[in-house]
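> Given only the sequences and the hints, what does the whole structure look like? Please build it.
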Amino acid sequence: MTIQVRYPKVITQEENSNKSEWVDLNNVRIDDWDELASTVVKSNEAPQVICTGNFDFNIPGDAKVSEIIVEHDFHKDSSENPIKMDPPMIKAVIGDNEFEKESFVHADVYPADRSVKITVDDIRGEDINNDFAVKVEFPKNTSENDGILYFDYVRVKLVFEVKRYLITSGETNNYFPTKEKPIKMAVGEELRYSIYFRNVNGISKEPQKVKINVPEGFELVKYYFKPKKVNKLSEKDVEVAEDIFDEKNYVWIPSARGKGTSGLRLILKATREGFSHINAYTKNYGVTSNFYVEVHPEGFESPVNMFDETSNVWA
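Residue numbers (the working numbering): -10 to 304.
Derived from the structure by calculation, the hints contain no laboratory data. Don't take every hint at face value.
What the hints assert, rightly or not - Cross-link-like lysine-lysine pairs, in silico, PhoX-like; alpha carbons within 25 Å at most:
#1 Lys237 / Lys215
#2 Lys237 / Lys198
#3 Lys146 / Lys106
#4 Lys237 / Lys258
#5 Lys170 / Lys90
#6 Lys8 / Lys(-2)
#7 Lys8 / Lys80
#8 Lys272 / Lys194
#9 Lys(-2) / Lys106
#10 Lys73 / Lys90
#11 Lys215 / Lys198
#12 Lys237 / Lys272
#13 Lys194 / Lys215
#14 Lys152 / Lys215
#15 Lys198 / Lys170
What follows is the structure in structure tokens.
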């Protein structure tokens, strides 16, 4: 979960001759408690709707927005015959969609921070970045008295999650082959190379492509996928799909769509001598650590491959 906080750069009001006009609306851009917007509200009259925009959010386009928290403050004049004003309606406007929730506590003579949490579905970062505004709509003054209503600020907190993927190839194993300590083998011998793909939060269910970079000097003997295990994940979280592997181009489309993990194991045979490395790449993660291999001539007495010996065996 990530939170981004912004203040509006533009504040306007919806002109309506039947409603009271706000003055000094630019003071709403920051919560300084000193300079406020205000309006003189007559009996049975409502203030004009406050419109705030240009928040300059820069959320990743494919992030999933779950909550819009609108923090604000208003209070009335402390005269002997003050106005009576119920809480306003707070509206989050995203493109053509409006999400609203009533604020709380009527207008009192004392300033008080208020916070309204609006839950949203199917809203992405790009929706917010392209077209987002907040409106504040007060009801009528139910007092017989005219009076002043003050408004201090609007501050918006967006709660969102970004899609997260992890690809690994056994780096946590103490025997993972490094440049200084590669796997040593002879021409004609085989090794196992495994890739694990994890969809951490299930935000994106789009198929992902993983490219395995296998250098010249190795040929694919066979491959197989790690058996699927739902573990503690619910059927709602896990979307069933099939693993796909293009063995000609070494491109794997993992089965994990929602939350979950997929695995691919390659059995590779060394066909010539040399020092090289294998890795895997996906644009949403990057490249895994290099898996180093040192191939010697046929007949070379290979040491025990401790990485294979200590790696998980897939049933």
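> Confirm or reject each hint.
Now for the hints, and whether the structure bears them out:
1. Lys237 / Lys215: Distance of about 20 Å is within 25 Å: holds.
2. Lys237 / Lys198: It holds: about 14 Å lies between the C-alpha atoms, which stays within 25 Å.
3. Lys146 / Lys106: 9 Å, holds
4. Lys237 / Lys258: Cα-Cα ~15 Å, so holds.
5. Lys170 / Lys90: Roughly 61 Å between the alpha carbons, so the hint for Lys170 and Lys90 is violated.
6. Lys8 / Lys(-2): Roughly 24 Å between the alpha carbons, so the hint for Lys8 and Lys(-2) holds.
7. Lys8 / Lys80: 18 Å, holds
8. Lys272 / Lys194: Answer holds: Lys272 to Lys194 is near 15 Å, not above 25 Å.
9. Lys(-2) / Lys106: 21 Å, holds
10. Lys73 / Lys90: 20 Å, holds
11. Lys215 / Lys198: Holds - the C-alpha atoms of Lys198 and Lys215 are around 17 Å apart, at most 25 Å.
12. Lys237 / Lys272: 20 Å, holds
13. Lys194 / Lys215: 19 Å, holds
14. Lys152 / Lys215: 23 Å, holds
15. Lys198 / Lys170: 30 Å, violated
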